[in-house]
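Residues 1 to 260 in UniProt numbering are what the sequence shown lists, from first letter to last.
For the record, the hints were derived by calculation from the structure and aren't laboratory data.
None of these values were measured; they are calculated from a predicted model.
Backbone N, C-alpha and C define an ideal beta-carbon position, used for all residues, glycine too.
Mixed in with the good hints, there may be bad ones.
[Claimed, not checked] Subject to a maximum C-alpha distance of 20 Å in a straight line, what follows is the list of computed SDA-like cross-link-like pairs (lysine to any residue):
(1) Lys259 x Pro98
(2) Lys259 x Val229
(3) Lys95 x Glu80
(4) Lys95 x Ala44
(5) Lys259 x Met228
(6) Lys95 x Ala251
(7) Lys259 x Arg202
(8) Lys95 x Gly159
(9) Lys259 x Arg108
(10) Lys95 x Arg118
(11) Lys95 x Asp158
(12) Lys95 x Arg150
(13) Lys259 x Ala115
(14) Lys95 x Glu130
[Unchecked claim] Computed spacing ranges between beta-carbons, pair by pair:
(15) Arg106 x Arg72: 43 to 51 Å
(16) Gly104 x Arg72: 37 to 45 Å
(17) Gly104 x Arg246: 15 to 23 Å
(18) Gly239 x Arg90: 41 to 49 Å
(19) Thr184 x Arg225: 41 to 49 Å
(20) Glu119 x Arg25: 22 to 30 Å
(21) Gly46 x Gly135: 24 to 32 Å
(22) Arg100 x Gly28: 36 to 44 Å
(23) Asn238 x Arg38: 53 to 61 Å
(24) Gly51 x Glu111: 18 to 26 Å
(25) Arg100 x Leu125: 19 to 27 Å
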Amino acid sequence: MSETPGSLHAEGHIPVTDEPAGVERGSGVTLWRQIAERIEQEIATGARPPGARLPVETDLAATFGVNRHTLRRALSYLTERGLIEATAGRGTFVKEPPLRYPIGPRTRFSEIVAAGGREPFGRFLGSRVEPADAGVARELSLAVGTPVLRIESSHEADGVPMSVGTSWFPHARCRDLDLVYAATGSLTRALATLGIADYRRRETRLTARPATAQESQTLSLPPGRAVMVLERLDAELNGAPLQFGRSAIAADRVQLILKP
1 MSETPGSLHA EGHIPVTDEP AGVERGSGVT LWRQIAERIE QEIATGARPP
51 GARLPVETDL AATFGVNRHT LRRALSYLTE RGLIEATAGR GTFVKEPPLR
101 YPIGPRTRFS EIVAAGGREP FGRFLGSRVE PADAGVAREL SLAVGTPVLR
151 IESSHEADGV PMSVGTSWFP HARCRDLDLV YAATGSLTRA LATLGIADYR
201 RRETRLTARP ATAQESQTLS LPPGRAVMVL ERLDAELNGA PLQFGRSAIA
251 ADRVQLILKP
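When you get a sec, could you build the whole thing from the sequences and use the hints?
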């Protein structure tokens, strides 16, 4: 069934307007800039709200009556301005405001994301038991060489990648934690099955650097984009070190709020 003008497009696309969105040739303003200004205006007025998916390139190019090369120049400009963002496998979206992420004594990704009205998801990427090196042993108050459980994971909000990182746990305390985490997607729920009902953040450390190639791929970041590197140490309520973690966070998608 064909769509009527102004109706919703498939897959949640924001509809094009009833009036043609064609650009003015010979106006003295390049075509790609006219397109960028048109989309930017639609974002500013709320016609394309945060999180809205843009139509696919072929549809947008047809709407504006230009070739895909011209359209891509406009989209590239809007991406550089931080107004839209392409996520591999999902499409191009009007950029959401940064996720407000409070860091305090009790910091839980799922709870924070859900409180912000978004859908949290933890993706298990892999695990192994390995001997603790000097750095991990120091953080977890273990002897060098003590077996630790290493878990690789990434976290998303509404399907948008937010962070990717590695966590280490004392293996004797957290045996099979990786299996439960892989099944539930929630570290808090996985720890609860081991009898660890609660834990507290003991320390948080922040630095920044350019994303590695692997981080850029996992987080769907353009080349050269920066990440925040967050190191954290969590402890059980009795004070015993529980988790040392290091995560790369998409710097422009998360606003960290440090709380006493």
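Tested hints:
| no. | hint | result |
| --- | --- | --- |
| 1 | Lys259 x Pro98 | 18 Å, holds |
| 2 | Lys259 x Val229 | 18 Å, holds |
| 3 | Lys95 x Glu80 | 12 Å, holds |
| 4 | Lys95 x Ala44 | 12 Å, holds |
| 5 | Lys259 x Met228 | 18 Å, holds |
| 6 | Lys95 x Ala251 | 13 Å, holds |
| 7 | Lys259 x Arg202 | 12 Å, holds |
| 8 | Lys95 x Gly159 | 13 Å, holds |
| 9 | Lys259 x Arg108 | 14 Å, holds |
| 10 | Lys95 x Arg118 | 14 Å, holds |
| 11 | Lys95 x Asp158 | 12 Å, holds |
| 12 | Lys95 x Arg150 | 33 Å, violated |
| 13 | Lys259 x Ala115 | 17 Å, holds |
| 14 | Lys95 x Glu130 | 40 Å, violated |
| 15 | Arg106 x Arg72: 43 to 51 Å | 45 Å, holds |
| 16 | Gly104 x Arg72: 37 to 45 Å | 43 Å, holds |
| 17 | Gly104 x Arg246: 15 to 23 Å | 19 Å, holds |
| 18 | Gly239 x Arg90: 41 to 49 Å | 42 Å, holds |
| 19 | Thr184 x Arg225: 41 to 49 Å | 30 Å, violated |
| 20 | Glu119 x Arg25: 22 to 30 Å | 43 Å, violated |
| 21 | Gly46 x Gly135: 24 to 32 Å | 48 Å, violated |
| 22 | Arg100 x Gly28: 36 to 44 Å | 42 Å, holds |
| 23 | Asn238 x Arg38: 53 to 61 Å | 60 Å, holds |
| 24 | Gly51 x Glu111: 18 to 26 Å | 21 Å, holds |
| 25 | Arg100 x Leu125: 19 to 27 Å | 26 Å, holds |
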